[in-house]
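Working from the sequences, and respecting the hints, build out all of it.
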Amino acid sequence: MAKKAKIEARVLSQSILAEGIYDMWLETELAMDAHPGQFVGVYPANKATLLPRPISICEVDKEKSALRLVYRVVGSGTAEFALYQPGDIIMILGILGNGFPLEAAEGKRAVVMGGGIGVPPLLQTAKELSQKGTEVTAVMGYRNEETFLSDDFKKYAKMVIATEDGSVGTKGNVIDAMNENSVECDVILACGPMPMLRAIKQYAQDKGIKAYISLEERMACGVGACLGCVCKTKEADHHSHVHNARICTDGPVFDAEDVEI
Amino acid sequence: MAKKAKIEARVLSQSILAEGIYDMWLETELAMDAHPGQFVGVYPANKATLLPRPISICEVDKEKSALRLVYRVVGSGTAEFALYQPGDIIMILGILGNGFPLEAAEGKRAVVMGGGIGVPPLLQTAKELSQKGTEVTAVMGYRNEETFLSDDFKKYAKMVIATEDGSVGTKGNVIDAMNENSVECDVILACGPMPMLRAIKQYAQDKGIKAYISLEERMACGVGACLGCVCKTKEADHHSHVHNARICTDGPVFDAEDVEI
Amino acid sequence: MNTQVEIAGVEFKNPVMVGSGTFGSGVEYSEFVDLNKLGAVVTKGVANVPWPGNPVPRVTEVYGGMLNAIGLQNPGIDVFVERDLSFLKDYDTRVIVNVCGKSVEDYLEVVERLGDEKRVDMLEINVSCPNVKEGAIAFGQNKDALFDITSRIKKVAKQPVIMKLSPNVTSISEMAKAAEAAGADAISLINTITGMKIDIHRRKFALANKTGGMSGPAIKPVAVRMVYEASHAVNIPVIGMGGIASGDDAIEFIMAGATAVAVGAMNFHDPYTTMRVVEGIESYMRRYNVEDINDLRGCVE
Amino acid sequence: MNTQVEIAGVEFKNPVMVGSGTFGSGVEYSEFVDLNKLGAVVTKGVANVPWPGNPVPRVTEVYGGMLNAIGLQNPGIDVFVERDLSFLKDYDTRVIVNVCGKSVEDYLEVVERLGDEKRVDMLEINVSCPNVKEGAIAFGQNKDALFDITSRIKKVAKQPVIMKLSPNVTSISEMAKAAEAAGADAISLINTITGMKIDIHRRKFALANKTGGMSGPAIKPVAVRMVYEASHAVNIPVIGMGGIASGDDAIEFIMAGATAVAVGAMNFHDPYTTMRVVEGIESYMRRYNVEDINDLRGCVE
Ligand SMILES: Cc1cc2nc3c(=O)[nH]c(=O)nc-3n(C[C@H](O)[C@H](O)[C@H](O)COP(=O)(O)OP(=O)(O)OC[C@H]3O[C@@H](n4cnc5c(N)ncnc54)[C@H](O)[C@@H]3O)c2cc1C
Ligand SMILES: Cc1cc2nc3c(=O)[nH]c(=O)nc-3n(C[C@H](O)[C@H](O)[C@H](O)COP(=O)(O)OP(=O)(O)OC[C@H]3O[C@@H](n4cnc5c(N)ncnc54)[C@H](O)[C@@H]3O)c2cc1C
Ligand SMILES: Cc1cc2nc3c(=O)[nH]c(=O)nc-3n(C[C@H](O)[C@H](O)[C@H](O)COP(=O)(O)O)c2cc1C
Ligand SMILES: Cc1cc2nc3c(=O)[nH]c(=O)nc-3n(C[C@H](O)[C@H](O)[C@H](O)COP(=O)(O)O)c2cc1C
Ligand code: FES
Ligand code: FES
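Protein chains in written order, with my numbering: chain A, 1 to 261; chain B, 262 to 522; chain C, 523 to 823; chain D, 824 to 1124.
Please keep in mind that the hints were generated in silico from the structure rather than gathered at the bench.
Positions of the beta carbon are idealized from the N, C-alpha and C atoms, including for glycine.
Pairs of lysine to aspartate or glutamate residues, derived as EDC-like cross-links and limited to a Cα-Cα distance of at most 20 Å, are as follows:
no., chain 1, residue 1, chain 2, residue 2
1, B, 264, C, 553
2, D, 966, C, 696
3, D, 1027, C, 770
4, A, 207, A, 258
5, C, 726, D, 1071
6, C, 726, B, 478
Computed beta-carbon distance windows for the label pairs:
no., chain 1, residue 1, chain 2, residue 2, range
7, C, 634, B, 497, 18 to 28 Å
8, B, 323, A, 5, 45 to 55 Å
9, D, 909, A, 260, 25 to 35 Å
10, B, 269, C, 814, 33 to 43 Å
Listed below in structure tokens is the structure:
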């Protein structure tokens, strides 16, 4: 893997996908080494806020040397990002994290599963899997009819939708949608809120299939140095020796069996 | 006088007058109440720097509701100001301070004297005096041939220049220039570095004339509340009762006789 | 919706006060804000006689805040009563007078002198100013000295007494307990944290006094922690301050255990800060259906 | 131009180190910077046995800085020696190992164990971590306890010993003097200042540990003041840290009296910070014709 770097990136475009959900393309050489499931740290210009904001890679365009980030405005950093205009220069740190193990899904019945702001990283995942000839089902959970990115997924995957309010697809969560649509699979690649990930871990265990889940935690360094972002692991991991894997470096994607969530 | 306010101002233009010296016009309703020798507090957008930067009013255009600020880049705040483009919205606090007592100079032989970045506030001073029919001589001290604003002064005053390196006018300081050009006067209105102000105070005392000088000090509030910006006064002043006048409110302009500098 | 709070029998229309020394006696900021909308005006520290304060530079900016070494310049109690208290007579807000001194006797003189001033609702005793050489902070950094001065002041004070604590201590709980044990009616904290800035180009201290007291958003996490610790150590009310810039910041201090809050250095950044804090508290309460501000006190888990 | 400094007989090619716990053992940041260009790598605190650290969330951002409550997670001395010290063997930089413990015996075990490790140039004893319940900070907030642990460590240590002091004390000078009197070869400061952040929307502490240690530019003025006070109280060298982000910041600490400096939390903001500090120091020296960095130490007036 290429060396990590903190470098300038140029905003190529910015648009709104749903209420509070933004879609930004960045031109950056980091794109050349980006794998699905990895993330970048985006630095707000606001000098009162010094830490990078971890944002997953939603899509990669290697020809344009571009990364797509889809993010929800939740605080001061993301609120600042939402103001960026094409041409703006920002600082990013990357490429961070391990990404999804595509090889574990290739040629198998693969499901990518996302919930809420966990949807974006699955897009590039579905894209690369489908480009490698794997048939992918995308099972995505949303709050309501604002099913952002679902048109993009349809290019690479069979699309199944769950919404909390039942306005589109299955009323309920992604597992409900799996069941309602009788989706069968061998491997799940997932990102979303913790309750969803717990349900997926249980589901995979019950069905005897593999699940790889992308976790989230507060981060400071993003590169594995500060030990801020750990999650409990079943086995003492090679780095910490105390059952604490670093989500930023050993993850964010883990075999669901390996982590205690 | 009108109420003070912290309000938005719109950058109308920005240009470079000399090395590191910038000239910015702002559109703001505060312009309507601005008197020569008063100042505004300009807030950097940088959230690490929260205090307003005191900058003197260089010129006022009441028709356009505009203020002209001329400033030297010395630190992070002024470096930020130098990047502003026409159309940018910034926050300013004003109008602050007392301003020059024009009535003390009207109809007399008036000299406005400025040194370095003390030159700008004298421009509006010369302009208003000349508009009121007073004949003004402007004696301005610069480092070198970059005699910024001198063309503006010529519109309202007889212009006498001193430069440290002798490249233009008298080689030396403003007092040297006064002497070399045999400038006679009844009252001096001045702003500039402390050694210059001390020399002017002495000069005025020796000649038995009045001098009003504009002082500078580190400020926090800019409105007289924090007691950060005091200067020693001969008499116990009405506010502090301890010989400490507040430069931001009781000044920045003082009768040279009244302050111990 | 109730925003009224009570401290030692005194009722405040809302919990928003100002930090002593950052608001004069209200005159200057009355050009920007309606003093009637404040819970209380807390005046600049006043001593028995006029104090000239420290040489300039007295203030300097630091990352997310400032240092000050005003040195408690004040015109003395006589001028203060005549001028500042008279000014405040016209306003419908509480008045808390901040008192400073070099010896216990200095403090007692001011406290006694203020006893019959009807306009004074409470006294705040500054034993924590880091910017004067004698007295002041010494009382605030030693729990026995704090106990002693507090009890002596309580003996003569006619108004309820708030002891203002210094953050420059190993254990804020111990100091809070000492104040409570000596009879203080409330405590306020934090005063400024001692800091220093050096101008590396001139190789000089940025402040003539070398050190100064740090305030502003940069100190807020330390202040919240100390308010939490202090309010869990004592049963008397706590007035919290340190970097408050918004209603959300005020709510944070209240959740940490403060009964009221004060806005200090941020007045300099934005003269309307107090009003934004008052409104911000109300809008938080509306958003989360909080009927009574007192329900939020200490509610963090 | 000389940037070399000496501490207790150990020479450093320049005064720029890293803050323990902010740089791992160098592996992660070696992707960004050339470790050979650092004065020293200071490792994350290591204990006699593996420590799991605190529950998450362990870090949170605050104005101009961050709070952390990692709780000294570490793999224990065995893994550390085998893995981290081996990694550092290939680099031409000094290695300072930061040691933590819950009891004096814990510390002694690690210190003894490291005695024969040739790769270890110095030991830094962390008696100031605010994020673990037992031990640690207790030693750093009581001068007798500090004296005791320092002298016991000095009896067994084969490498020179740096005592890392806590800023959460009333008098940093007293603590510095206690460390010196007990035989410390140097002191380093400041460790983090205890702070707290509350998530007002969830009414919960932002950190699982409730409090955390504050670091970053926001604490710099407090750090500079303490480095100034400590270095004027003792004759042993002082390593200064707290919010350093640039060469200018480093110069400020050196002028305050520090012999060397460390970059901590700002590594997280910019992984190249250490290099920018090294270059920034040199460019300051060039600009002002400073021949020897040691001439700047304590030069503020
Ligand atoms: C590996 C990873 C990938 C992520 N991918 C995405 C994505 O693709 N799209 C998206 O919208 N969000 C994503 N998030 C969450 C995103 O990082 C936060 O929403 C964002 O940092 C909030 O920043 P803020 O300044 O707006 O919020 P504030 O609350 O003001 O941030 C304050 C601090 O808390 C941190 N923080 C706040 N919320 C979170 C969170 N949920 N997770 C981690 N740190 C947080 C911030 O980084 C910052 O340091 C991801 C998080 C992780 C860990
Ligand atoms: C009444 C008054 C009028 C002024 N008018 C002008 C003017 O017309 N043009 C101009 O170029 N400059 C003027 N100055 C000086 C100007 O305020 C400073 O140069 C400016 O504040 C520097 O800000 P900075 O962020 O670039 O510097 P920094 O050094 O980064 O500022 C740090 C802090 O120090 C303060 N500060 C720094 N230098 C000074 C200074 N010389 N005086 C007061 N505060 C200072 C800043 O306001 C800020 O709070 C005036 C100062 C005063 C007091
Ligand atoms: C310029 C200035 C002057 C101050 N003067 C006093 C004072 O006279 N008495 C006092 O008790 N506190 C004084 N303080 C401390 C404040 O009241 C407050 O405790 C502190 O600044 C922390 O709050 P903040 O961060 O909101 O400013 C002063 C603070 C500043 C900034
Ligand atoms: C995430 C983190 C972990 C830390 N771990 C340690 C540690 O293990 N041992 C120690 O002595 N100091 C530790 N510190 C304190 C730093 O070394 C340093 O003293 C402090 O952060 C102040 O410097 P800064 O503001 O540059 O970060 C840690 C700091 C941070 C931010
Ligand atoms: S964020 Fe620092 S180790 Fe993961
Ligand atoms: S700057 Fe506050 S009184 Fe002048």
